[in-house]
Amino acid sequence: MVGHITTKPWCSSRVEGVTVQISAPFDYARATSVDDAIALLDKFGEESRVIAGGHSLLPMMKLRLARPEALVDINELDELSYITDEGDHVRIGAMTRHYQLIESPILARRFPIFADAGKVIADPLVRNRGTIGGSLCQADPGEDLTAVCIVLDATVVLRGPNGERTLGMSEFHRGPYETAAEHNEILVELRVPIRPSSGSAYEKVERRVGDYAVAASGAAVSLAADGTIAEIGIGLAAVGLDERPAEAEAVLRGKTPTDELIASAAKLTSVAVEPIDDLRGTADYKRHLAEELTKRVIALAIARAKGAQA
Amino acid sequence: MTHISVEINGQRVERDIDPRVLLVHFLRDDLGMTGTHWGCDTTNCGTCAVLLDGKPVKSCTVLAVMADGHAVRTVEGLEVGGELDPIQQGFMEEHGLQCGFCTPGMLVTGRALLDANPHPTEGEIREAISGQICRCTGYSTIVRSIQWAADHPVGITNGQAQKEEVTA
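Chains A and B, in that order, are what the protein sequence lines are.
When we follow our numbering, the leftmost residue of the first sequence carries the number 19, and every step to the right adds one.
When we follow our numbering, the leftmost residue of the second sequence carries the number 934, and every step to the right adds one.
Not close to chain B: a few residues of chain A, all C-beta gaps over 12 Å, as computed:
1) Glu249
2) His306
3) Ala326
Stretch-level coverage of chain B by chain A, calculated; a stretch enters the list once three of its residues show a Cβ under 8 Å from a Cβ in chain A:
4) 975-985
5) 1061-1069
Source of the hints: derived by calculation from the structure; they are not laboratory data.
Here the structure is a predicted model, which means the values were calculated and not measured.
Beta carbons are placed, not taken as given, at the ideal position from N, Cα and C, and that holds for glycine.
Can you make the complete structure from the sequences, with help from the hints?
Now the structure itself:
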């Protein structure tokens, strides 16, 4: 099988001859600050990569799907681990780990979608290592937090040798495994706008606990004083849609939500997605899930927004 | 080679290692600590779980160099002074293992759960071990074993299982 090599001299004789999966050699440096990390990326050059939780990158390196010449380890950068409520937006440091997203009282109050999504990412042990910045930069098409950030209209802060720049998710997220981050730029922070009387939710169907999504959908709504929907965001994972389904959102924006309108928005969402047949399910099945899950999360987001209003 | 200094079960260990060595191989092959099992190698089965600064992680997906300066606790670190940890006693009392392959990961994850949440519900126990695969027990006896340890926080002393209300 690709990626299997025999053991190297560091292995003791007890396991000599056993086939193990080990990455190709690479240089390693541990960054002491974000600026140090950027300098290290510049020093090591184009073929170096940042490693955060490593739960996507290390498996890819074992399989030779990724073969960086150097890793810059940012796990010690506590300066990137925080969640703060700024009143009109929440700042989330890129090294905030998945379990911290689930446990955060600020996110539970402002954006319950993070806990919904966090609890269905991999398993508790993986969530002890995985980070929100790593998830977004990996940009796996089945990845949940990218969809969450699209739903919430989050802004990404990238820092490089020439300072910081902020990008909306539509600029940052270019598609499967591709983002706007340059080689020597580090995602340092997410900024999520707080909207009044808002609620959010995420739901995913997976084949078994811990798997990537067969399909997943998230929604966030903000209600006006008269009960109409002032703002709505919808986002999906694993069904070939990197943008928000504008036509579906337009059905509900400015309207008093009804079951019929929600169903109509969900139907339009299922038309906008472009899932493929793969080992997780057929395109038809995923399209069905996109519709059903979108219907559920819009209804739940509205219910939560009303709870926030009450 | 990169020089690392890791606290393993309370003892400082220093080595020069190749950065690509995984924590599981560092423990098993460099240090001869084979209590931590090496299973799927793909972050799925969880038998390689160890505690990194008290949190269970899959050591097949952590580089040993990433543990530099941190504390690692393995299944070998559960027993103290010849006394088994209550979590280990629970697995004996409630038959928490058959083949034993998943057991080291289950034990350290159970220990971390009880350290953070001394009175978990059955649902919380099942959630805590959901990153680990057991192909013998159907999980029921593992859940009961962890519950036993929660009910007996000081375990068995002088041949008597000490229930919490007795010792509290």
